[in-house]
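Q: Letter by letter, the chains look like this.
There are 2 protein chains.
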Amino acid sequence: MTAVDQRPAFLAALIEAGLFVPTGVKGVYGRGSQFEAVRFGLDDLITRSAVDERAEVLHFPPVIPRRMLESSEYLRSFPHLAGTIFGFEGSEAAAAEQFELASQHADWSGFQAMSDLVLTPASCYPVYAAVGGRPPLVAGGVTIDPGAAYVFRREPSDDPARLQMFHMRELVRIADPVTAVTWRDAWIDRGQALLADLGLDAAPDVAADPFFGRAGRMLAASQREQQLKVELLVQIAGPEPTAVASFNYHQGYFAHLNGIRLASGGEAHTACLGFGHERIVLALLRVHGLDPATWPATVRDRLRLAA
Amino acid sequence: MTAVDQRPAFLAALIEAGLFVPTGVKGVYGRGSQFEAVRFGLDDLITRSAVDERAEVLHFPPVIPRRMLESSEYLRSFPHLAGTIFGFEGSEAAAAEQFELASQHADWSGFQAMSDLVLTPASCYPVYAAVGGRPPLVAGGVTIDPGAAYVFRREPSDDPARLQMFHMRELVRIADPVTAVTWRDAWIDRGQALLADLGLDAAPDVAADPFFGRAGRMLAASQREQQLKVELLVQIAGPEPTAVASFNYHQGYFAHLNGIRLASGGEAHTACLGFGHERIVLALLRVHGLDPATWPATVRDRLRLAA
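Going down the list, the sequences are from chains Y and Z.
What the first sequence shows, in my numbering, is residues 4 to 310, in sequence order.
What the second sequence shows, in my numbering, is residues 4 to 310, in sequence order.
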């Protein structure tokens with residue numbers, strides 16, 4: 004049995020219901036009040052579910068230093084997804100010329116110069132750099148809650164579950180290798196239970212990131228083989244299930260890159276998890292219907308939606 | 004009496020206390036748990052204060068279509084503050100070359116092409132476009148709550164109150180001219196009272212936007228003369244008071260630009276207000292001290308900070 008691709012119809016229904024508001028660019032939408040009420044409820048549910056982590060809140064804006072991206076492997080692995088920020092540094096005459104071109108929707112890119120900022124590709128990126136600037140970590144390491152930051156992926160699509168900018172609610176664990184991977188593995192079950200309680204049938208699957216090009220296929224195979232990435236998949240509107248959460252073990256990669264050390268002298272490893280806010284809200288809208296007021300009472304209670 | 008510029012010392016103290024976390028770029032900081040607790044409390048206080056507005060929640064990501072910026076006057080008035088988003092669209096060979104240059108922190112800007120997105124300069128920008136796509140507004144118009152969106156201003160600074168990316172909590176009023184301007188004027192008093200209840204002595208002042216260049220000086224003078232922009236100023240750490248909220252009347256500019264119409268046939272006008280989250284939190288930290296646990300009980304109660 005092949006499932007029908009209902010993504011375009013789902014997107015149209017979301018817009019019709021005022022849940023998504025088009026902006027004119029694919030994958031960039033406004034979010035209506037009902038959508039946001041569910042999303043805030045979800046974020047609070049994740050916070051409550053993670054309360055025993057005693058995580059340190061550390062929030063970053065949706066931009067990071069360009070140098071941070073350059074120092075990572077991101078541009079090797081995902082050059083097609085990165086967004087860089089350019090700005091104007093010219094004279095008044097140049098500004099007038101730029102404005103004239105722009106107001107005609109002509110090419111004004113020549114007046115823009117690369118800045119020292121890029122869009123944040125994943126909310127944990129600045130966390131590793133911040134922790135790298137600290138003294139060596141004591142036993143047990145740290146757990147950081149970077150919140151539900153907006154992250155950017157340049158992949159315009161008609162799939163409402165594939166946005167160019169979306170909220171990735173992460174938690175980051177930095178500790179000795181066993182602690183990090185054990186934490187990651189435990190959260191796969193916890194995440195699955197959290198989604199099940201919302202009526203979402205989420206199945207875990209070993210996964211790989213969308214690496215670029217032919218060399219990327221080898222990176223993906225290696226990532227799968229080492230089970231570094233596990234996703235929770237839910238049927239939304241596409242022919243295949245969609246990842247709504249991911250649980251990642253980076254081994255020593257980010258710790259080494261950012262100079263994160265353990266006071267014990269051992270090697271620090273990192274793990275992170277990310278719940279895709281918008282995808283989970285979309286999955287809920289798909290399963291329970293476009294009007295949250297009609298959702299099962301147990302689901303509304305968990306999300307603390309007002310009566 | 005000339006006040007001393009205590010901004011560098013204040014920034015250092017914020018970092019020392021873990022309230023701000025440096026990223027390596029001026030004006031781009033992580034926000035620690037205490038800072039965020041106050042900021043969330045402030046956002047909730049603003050929401051409660053505005054409950055009688057029955058505003059429609061409509062949230063947008065921190066990017067807008069480039070075309071939206073091009074169609075506005077923004078690039079004429081503020082070319083120096085805009086951030087545009089570029090991306091990679093090349094081959095595997097080009098990606099490898101780009102990565103090589105980037106990892107050496109050399110110039111890889113030539114591999115980046117202008118995308119159809121720019122960073123959001125003010126959280127109300129996408130609101131006008133969304134309302135412009137609706138049927139003509141019935142009597143009374145609409146009030147939109149775009150929430151506390153991240154907005155971008157390219158102005159790197161050592162002043163902790165001048166960030167490149169910050170939360171602007173806006174409310175937008177779209178209605179007939181008298182309703183719009185009356186709403187704006189009433190909120191100047193409401194905003195002043197809200198800040199006074201937090202122990203902030205905020206004075207209103209007719210202001211102007213930081214228009215670019217020589218022509219900008221005329222625009223600023225005209226804006227002042229028509230009293231289109233009023234700011235609430237608070238002493239933070241600079242020699243001069245800092246604007247922490249602004250109340251703007253745009254007359255018919257945004258309505259005309261976005262095709263917003265009234266069912267009555269009359270001309271639609273718009274007004275907006277914006278509370279600068281970070282600046283207000285900084286003002287509170289400056290006035291009440293860097294440890295929110297020691298703040299006056301009345302202030303903590305209003306912000307609903309946990310005991």
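Hint data in this document are derived by calculation from the structure and do not stem from the laboratory.
Careful: at least some of the hints might be erroneous.
Note: identical chains are not told apart, hence a pair may lie in one copy or across any two.
[Stated by the list, open to error] 25 Å max Cα-Cα, derived SDA-like pairs, lysine to any residue:
1) Lys29 with Gly292
2) Lys29 with Ala12
3) Lys232 with Asp188
4) Lys29 with Thr50
5) Lys232 with Gln37
6) Lys232 with Gly292
7) Lys29 with Tyr77
8) Lys29 with Gly90
9) Lys29 with Ala133
10) Lys29 with Ser267
11) Lys29 with Gln195
12) Lys232 with Asp55
13) Lys29 with Val60
14) Lys29 with His83
15) Lys232 with Ser36
16) Lys232 with Ala116
17) Lys29 with Ser94
18) Lys29 with Gly93
19) Lys232 with Ser160
20) Lys232 with Ala300
21) Lys29 with Arg70
22) Lys232 with Leu222
23) Lys29 with Gln230
24) Lys29 with Gln226
Q: Reference check for the pair Lys232 and Leu222, CA-CA at most 25 Å: within, between, both, or neither?
A: This pair counts as within: shortest intra-copy Cα distance 12 Å, inter-copy 54 Å.
Q: Using 25 Å as the alpha-carbon threshold, which applies to Lys232 and Ser36: within, between, both, or neither?
A: neither (33 Å within a copy, 28 Å between copies)
Q: Treating 25 Å as the Cα threshold, decide for Lys29 and Arg70: within, between, both or neither.
A: between (29 Å within a copy, 13 Å between copies)
Q: Measure nothing new, just compare the shortest in-copy and cross-copy C-alpha distances for Lys29 and Thr50 to 25 Å and report within, between, both or neither.
A: Cα proximity of Lys29 and Thr50: none, with 30 Å in one copy and 30 Å across.
Q: Quick one: Lys29 to Ser94, C-alpha cut-off 25 Å, is that within a copy, between copies, both, or neither?
A: Between copies, since 23 Å is at most 25 Å while 34 Å is not.
Q: At most 25 Å between C-alpha atoms: does Lys232 with Ser160 qualify within a copy, between copies, both, or neither?
A: Cα proximity of Lys232 and Ser160: one copy only (24 Å, versus 39 Å across).
Q: One pair to classify: Lys29 and His83, alpha carbons no more than 25 Å apart. Within, between, both, or neither?
A: within (16 Å within a copy, 27 Å between copies)
Q: When no copy is named, should Lys29 and Ala12 be tagged within, between, both, or neither for a Cα gap of at most 25 Å?
A: The answer is within: 15 Å in one copy meets 25 Å, while 45 Å across copies does not.
Q: Is it within, between, both or neither when you check Lys29 against Gly292 at 25 Å Cα-Cα?
A: Only inside one copy: Lys29 and Gly292 sit 23 Å apart there, 46 Å across copies, limit 25 Å.
Q: Tell me, please, which holds for Lys232 and Ala300 at an alpha-carbon limit of 25 Å: within, between, both or neither?
A: neither (34 Å within a copy, 47 Å between copies)
Q: When no copy is specified for Lys29 and Ala133, does a C-alpha distance of 25 Å or less occur within a copy, between copies, both, or neither?
A: Close across copies (15 Å), not inside one copy (33 Å); limit 25 Å.
Q: As a check of your reading, is Lys232 near Gln37 (CA-CA no more than 25 Å) within one copy, between copies, both or neither?
A: Classified as neither: same-chain Cα gap 32 Å, cross-chain 32 Å, threshold 25 Å.
Checked against the numbered hints given earlier, this structure breaks hints 4, 5, 6, 10, 11, 15, 16, 20, 23 and 24; the rest are met.
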